[in-house]
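Residue numbers (my numbering), protein chains in the order written: chain Y, 9 to 122; chain Z, 1287 to 1400.
Hint data in this document are derived by calculation from the structure and do not stem from the laboratory.
Watch out, some of these pointers could steer you wrong.
Unchecked claim - A short, non-exhaustive set of chain Z residues, derived as facing chain Y with CB atoms under 7 Å:
| hint | residue |
| --- | --- |
| 1 | F1304 |
| 2 | E1328 |
| 3 | G1329 |
| 4 | L1330 |
| 5 | K1387 |
| 6 | F1390 |
| 7 | G1391 |
| 8 | T1392 |
| 9 | G1393 |
Note that the coordinates shown come from a computational prediction; the quantities given were computed from them, not determined experimentally.
From the three backbone atoms N, C-alpha and C, an ideal C-beta is built for every residue, glycine too.
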Amino acid sequence: DAGVTQSPTHLIKTRGQQVTLRCSPKSGHDTVSWYQQALGQGPQFIFQYYEEEERQRGNFPDRFSGHQFPNYSSELNVNALLLGDSALYLCASSLGGSSGNTIYFGEGSWLTVV
Amino acid sequence: GDSVTQMEGPVTLSEEAFLTINCTYTATGYPSLFWYVQYPGEGLQLLLKATKADDKGSNKGFEATYRKETTSFHLEKGSVQVSDSAVYFCALRIYGGATNKLIFGTGTLLAVQP
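All chains, please: the whole structure from these sequences, using the hints.
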C-alpha cells in the first residue's frame, strides 16, 4: 500500500519563475492538503482540496494555486517565485474532507529559489 | 486565533535519559492534539494523538496526556535512544464545519548522544 508520494524531491528555481509540485494521495484517500515548511519552522497550511474543489485556504497569496484531478492526485502551483518561497512543501492526504480521519504526510518537495 | 507553543530546542540528552518536551495550546473549540516526528531529510510521521481531555496517547515508548485544565500536551519518554534524534512537532486540529487543518508548533530538535 503506497503512502503519499510527491515529486519532484528537490528542485531549484530562479526568482520570478513558476513551479508545479505534484502529489499522489495514499490509496483510498480523497482529500489532499498542502503545507509549507520554512527552515526551522513548523508546517503552515496552504490549502485543501476535496472533490476537486478548494475547500479551505490558509494565509497565502493568490500566487499559490492548486488543482485536484478526478483520481484525487493534486498539484501545487506557485507563480512569480520569491526568495521567501524557498521551503519544504508537504502534501498530506486523508479520507472524507473535513472528517476526523488521520492525516498522512508525504516526504515533501524541497524548493530552493535563487 | 488557534495556536501551539512548544519549548525551544535543541534538547540534548544522553542515551537512556528521561525526555520531556513541553507543548501548550490555545484553541476556541475542542481540539484533538497530536505529536508528529520528522527524521532528518524526511516528511512528517504521526507519533501519537489524543482526541479528548484526559486521553493519553502513546506509541514507541512515547506518551502524552491531554490536559484541558492546563491546555497542555507534553511529550515524555522514559529512556531515549540515539534513534529518537529528530524534530518533534506538537499540533492541534479542530473538527467540524469546513475546518480540517493541522496547526503546528515551531518544532523541537532532540539530539540524543550515545
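Hint status (Cβ of Z:G1391 to nearest Cβ of chain Y, threshold 7 Å) | For Z:G1391, the interface hint holds, since the closest Cβ of chain Y sits about 5 Å away, which is under 7 Å.
With a cut-off of 7 Å on the beta carbons, see whether Z:T1392 makes it to chain Y.
-> With a closest approach of 5 Å, the Z:T1392 hint holds.
Are Z:F1390 and chain Y close enough, Cβ to Cβ, to be under 7 Å, as the hint says?
-> holds (3 Å)
Should the hint that Z:F1304 touches chain Y count as held when the rule is a Cβ pair under 7 Å?
-> violated (25 Å)
Please verify that hint: Z:G1329, Cβ, nearest Cβ of chain Y, below 7 Å or not.
-> holds (4 Å)
Would the hint on Z:L1330 stand, with a C-beta cut-off of 7 Å toward chain Y?
-> holds (4 Å)
Closer than 7 Å between Cβ atoms is the bar; does Z:E1328 clear it against chain Y? Give me holds or violated.
-> With Cβ-Cβ at 6 Å, under 7 Å, it holds.
Proposed interface contact between Z:G1393 and chain Y, which counts if any beta carbon pair is under 7 Å = This interface hint holds because 5 Å falls under the 7 Å limit.
Can we keep the Z:K1387 interface hint, with Cβ of chain Y closer than 7 Å?
-> holds (4 Å)
Of the numbered hints given earlier, the model fails hint 1 alone.
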